[in-house]
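Protein chains in written order, with this note's numbering: chain P, 1180 to 1518; chain Y, 169 to 476; chain Z, 19 to 327.
Hint data in this document are derived by calculation from the structure and do not stem from the laboratory.
Glycine included, C-beta positions come from ideal geometry on N, C-alpha and C.
Negatives, chain Y to chain P, calculated, CB over 12 Å: (1) Val290; (2) Tyr318; (3) Glu367.
With a straight-line Cα cutoff of 27 Å, these simulated BS3-like cross-link-like pairs (lysine-lysine) come out: (4) Z:Lys223 <-> P:Lys1355; (5) P:Lys1198 <-> Z:Lys223; (6) P:Lys1303 <-> Z:Lys223; (7) P:Lys1195 <-> Z:Lys143; (8) Z:Lys175 <-> Y:Lys249; (9) Z:Lys143 <-> P:Lys1246.
Pair by pair, the computed Cβ-Cβ distance ranges are: (10) Y:Arg209 <-> Z:Tyr81: 56 to 66 Å; (11) Z:Ala116 <-> P:Lys1259: 49 to 59 Å; (12) Y:Arg209 <-> Z:Val31: 42 to 52 Å; (13) Z:Pro254 <-> P:Lys1307: 38 to 48 Å.
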Amino acid sequence: MMSKILEVKDLHVSFKTYKGEVKAVRGVDFHLNKGETIAIVGESGCGKSVTSQTIMRLIPNPPGVIKQGEIIFEGTDLTKASEKQMEKIRGSEISMIFQDPMTSLNPTLTIGTQIMEGLIKHQKLDKKTAREKAIEMLRLVGIPSPESRLDQYPHQFSGGMRQRAMIAIALACQPKVLIADEPTTALDVTIQAQIIDLMKALQEKTGTSIILITHDLGVVADIADRVVVMYAGKVVESGKLEEIFYQPKHPYTWGLLGSMPRLDLSRDQELLPIMGTPPNLLDPPQGCPFAARCQHAMSICTQEMPELDEVSSTHQVACWLQHPMAPEVKPPTAAVGGK
Amino acid sequence: MEKAKNLSPDLFKPAQIEKKEQDALSRKSVGYWQDVWGRFRSNLGAVLGLSLIVLTLLLAIFGPLANNYDWQTQMLDVANKESFSDHYFGTDHLGRDMWQRVWYGAKISLTIAFLAAFLDVVIGVTFGGISGYFGGRVDMVMQRILEVMYSIPNLIVIILMLLIFDPGIVPVAIAMAITGWVPMARVVRAQVMKLKSQEYVLAARTLGASHARILLKHLIPNVMGPIIIAVTFAIPSAIFFEAFLAFIGLGIRPPEASLGVLINDASTYLQIFPYQLIYPSVVLSIIILSFNLLGDGLRDALDPRMRK
Amino acid sequence: MLRYTLKRLGYMVVTLWLIITITFFIMHLLPGTPLKNEEKIPPQVREQILEQYGLKDPLPVQYVKFMGNLLQGDLGKSMTLDGRNVADFIVEGFPVSAFVGSQAVIFGTLIGLLLGTIAGLNRGKLVDNAAIIVAVLGVSVPSFVMGGFLSYFVGVKLQWLPTGLWESYESSILPSLALSFGVIAQISRYVRTEMVEVLDQDYMKTAKAKGLNRSTVIIRHALRNALIPAVTVLGPLAVNIITGSLVIEQIFALPGLGKFFVQSIQQNDYTMIMGVTVFYSALIIIVIFLVDLLYGLIDPRIRISGAKE
Chain P
1180 MMSKILEVKD LHVSFKTYKG EVKAVRGVDF HLNKGETIAI VGESGCGKSV TSQTIMRLIP
1240 NPPGVIKQGE IIFEGTDLTK ASEKQMEKIR GSEISMIFQD PMTSLNPTLT IGTQIMEGLI
1300 KHQKLDKKTA REKAIEMLRL VGIPSPESRL DQYPHQFSGG MRQRAMIAIA LACQPKVLIA
1360 DEPTTALDVT IQAQIIDLMK ALQEKTGTSI ILITHDLGVV ADIADRVVVM YAGKVVESGK
1420 LEEIFYQPKH PYTWGLLGSM PRLDLSRDQE LLPIMGTPPN LLDPPQGCPF AARCQHAMSI
1480 CTQEMPELDE VSSTHQVACW LQHPMAPEVK PPTAAVGGK
Chain Y
169 MEKAKNLSPD LFKPAQIEKK EQDALSRKSV GYWQDVWGRF RSNLGAVLGL SLIVLTLLLA
229 IFGPLANNYD WQTQMLDVAN KESFSDHYFG TDHLGRDMWQ RVWYGAKISL TIAFLAAFLD
289 VVIGVTFGGI SGYFGGRVDM VMQRILEVMY SIPNLIVIIL MLLIFDPGIV PVAIAMAITG
349 WVPMARVVRA QVMKLKSQEY VLAARTLGAS HARILLKHLI PNVMGPIIIA VTFAIPSAIF
409 FEAFLAFIGL GIRPPEASLG VLINDASTYL QIFPYQLIYP SVVLSIIILS FNLLGDGLRD
469 ALDPRMRK
Chain Z
19 MLRYTLKRLG YMVVTLWLII TITFFIMHLL PGTPLKNEEK IPPQVREQIL EQYGLKDPLP
79 VQYVKFMGNL LQGDLGKSMT LDGRNVADFI VEGFPVSAFV GSQAVIFGTL IGLLLGTIAG
139 LNRGKLVDNA AIIVAVLGVS VPSFVMGGFL SYFVGVKLQW LPTGLWESYE SSILPSLALS
199 FGVIAQISRY VRTEMVEVLD QDYMKTAKAK GLNRSTVIIR HALRNALIPA VTVLGPLAVN
259 IITGSLVIEQ IFALPGLGKF FVQSIQQNDY TMIMGVTVFY SALIIIVIFL VDLLYGLIDP
319 RIRISGAKE
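Isolated chain P, as found in the complex (with noise of 0.2 Å):
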């Protein structure tokens, strides 16, 4: 049995603007094992982002709020923690890479500079010493000369390497947890790659766990062991990357599936867009949140939400069509491939 090193219990984030109460995460459960890396998936909006910035509390308050829930670090609720508290544990226990490595690193400070920041803050390591470190680090994430490329400034860097250098800067204190926020998206579609594999061959040498937030399930079919769907600010499926990709049962994992080409299908299988848009998380429905899109709604899913139901000891779903009174619907062959 694998220990769990962090698990979000019933989260709810929301964020006040003057139109109201924007319920971006509502009651959000799932857990990270040591060692593990779980894909987050699901449209922009549907508060994946927003779920991961909330267990580093880097949710801007106001207008972001912690509604209710606890997320467990190693014993502790993040949720509860003191500044002072988290600051001890960013960068050093969890860390997080971000989406567009092109604005998240800054500007006007070198490279160097900037993976030293945090071993100089945690390690208490001396400036020279964190020198050395930040060398090992460019070197670790595969970047050449690394002694002088340590006092060049982010725009010297070409989109790969500042991914790579983003990477460093966020495995230097060898975090437990490291959180990639869309990690690939801005990148070029054969950077992708070389950063996915960087990523699994750093977390073989360091066993670090990853919580990989993305909406591209190549990626996900690529590294992922398993794999949380994500809709409206609730988690619709979870399980293990074959169970979601060969026996999903929510309709939403059917649409994602069906829209994302396989190699695995006949070349004649068109691709299944899903049809319409998420729903506004201002006054979110009070049933399902995706019955609006469902080929298959039922009644009851415009009135109420189905609870998380297991399927199997590690796949859960919250879908009425797993109720026995619902009528027996197959997925879509784009989705799972006629098995």
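Model the placement of chains Y and Z on the given structure of chain P, informed by the hints.
Structure of chains Y and Z alone, referenced to chain P:
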């Protein structure tokens, strides 16, 4: 479902989902200027600025009707008296009614400012429009001119100009416009450059519209926003410069009156008759302030990207 | 960076030459001769004076002479004030103006920085709104109005500080204060806008995600990046201070360069106007050049690639 709830089978029939919810994105579209007005109206500073401008304009025009004096008659027997009977602002060292003088001065100052701003627009829009629209070598040459103009301190130019001209409303306005059009030209050029490559201009060109027509009908209306903003900031700066020039003896000169002249006059007697300084100073500051507020508000309203 | 500097330097020299030339010709195209009360001077004396100031030479000759002298630091002699050298007035008056001006810039910048930073960090809160109001007021109320009020209320009414003359350090306080309001306003406005912009940047999240404490995040990451563009206001600021000093020195009767300049304008003192104009132009252009250079130096994006994006 482990939870043994009593659910009616009806609930598991396919539902007719209203498509209303789905179309949350296609909100009622609001016209651009309507949208601008909405944003402008909700900006407290901007509304305050606009109201103050209207108020000072009304006072500059109709204020003098409030009593029966005029701005230049000297009544030495009542000289240097603070506000009494219908001399609302008192009298100056020559016994002239300050109320009359302040509003007359405001009128002159505003006239100069509007004239200077008008000249800025005429020169700036022409220069910037041509430079941006034709591009290429024309633009290159015009840009160099602009760069040199930009780096010459306007203080120096204005002072030199006024040494040549005899000071008066028009010369002062011209002197200010000589450097004042430069920022306007830069704004217009940048905007025209951006707009001219957009589809609707290409379409017009394909349809055989003349240069003048494209410039007037398609480009200028879309450059209006930035021009309006630039004008709103040009006016207070002109008001300031007018007062400044009067102060150093290069602007409007007594016996003619402007806010600058009044402030200059009064500063001589500042220690004894401070009220003579306060009235014109406050009016001057309010005019500058209100245009600055209006400019800030317009910028936020016209260019939502710049909003806080 | 070297190329950038040289290019800027080239621009500066060309602009300066242009201004001097324009000034020269404008001054010599003025109708009449620069002599006061021309009619009253006997023709012989007049001829003699014109001769003495070299005003009878053909214009191009005068121009070459003027430029030659200028390069040697000779700005000619004043036409009204006992024929003293214009350069002497500058040497005498400029230190006073420079002292009052720099004091205003330093004080104003510090306060403006503080105000702008606090406002930017507390966007939308009470402090922020207060700072915005102070900034709009400071930009709108001209320094000579401010000077008048300070002179009357602090100087005359309260008798706290001297309202004029140049006798002790105290004499410089009110004039500097009057000039500094504009500085405070401009700096705080700019710093606030930049701060708000910078705080929204992704790299602020990165910095926080590293576990740096709040003050490090604010000082090293936010303030540093907010201040780089704010440096560009220093140029226009210097111009404003010079403009303001012309009037402030009148109000407070300071023996600064601005006072001499205004005097020379009022008395039509030809050579003085020329000399001081050239001096002011050079000063402004050099300040703008230095600010440009400083901007290049502190922003690595320009320092290394040598160009703005």
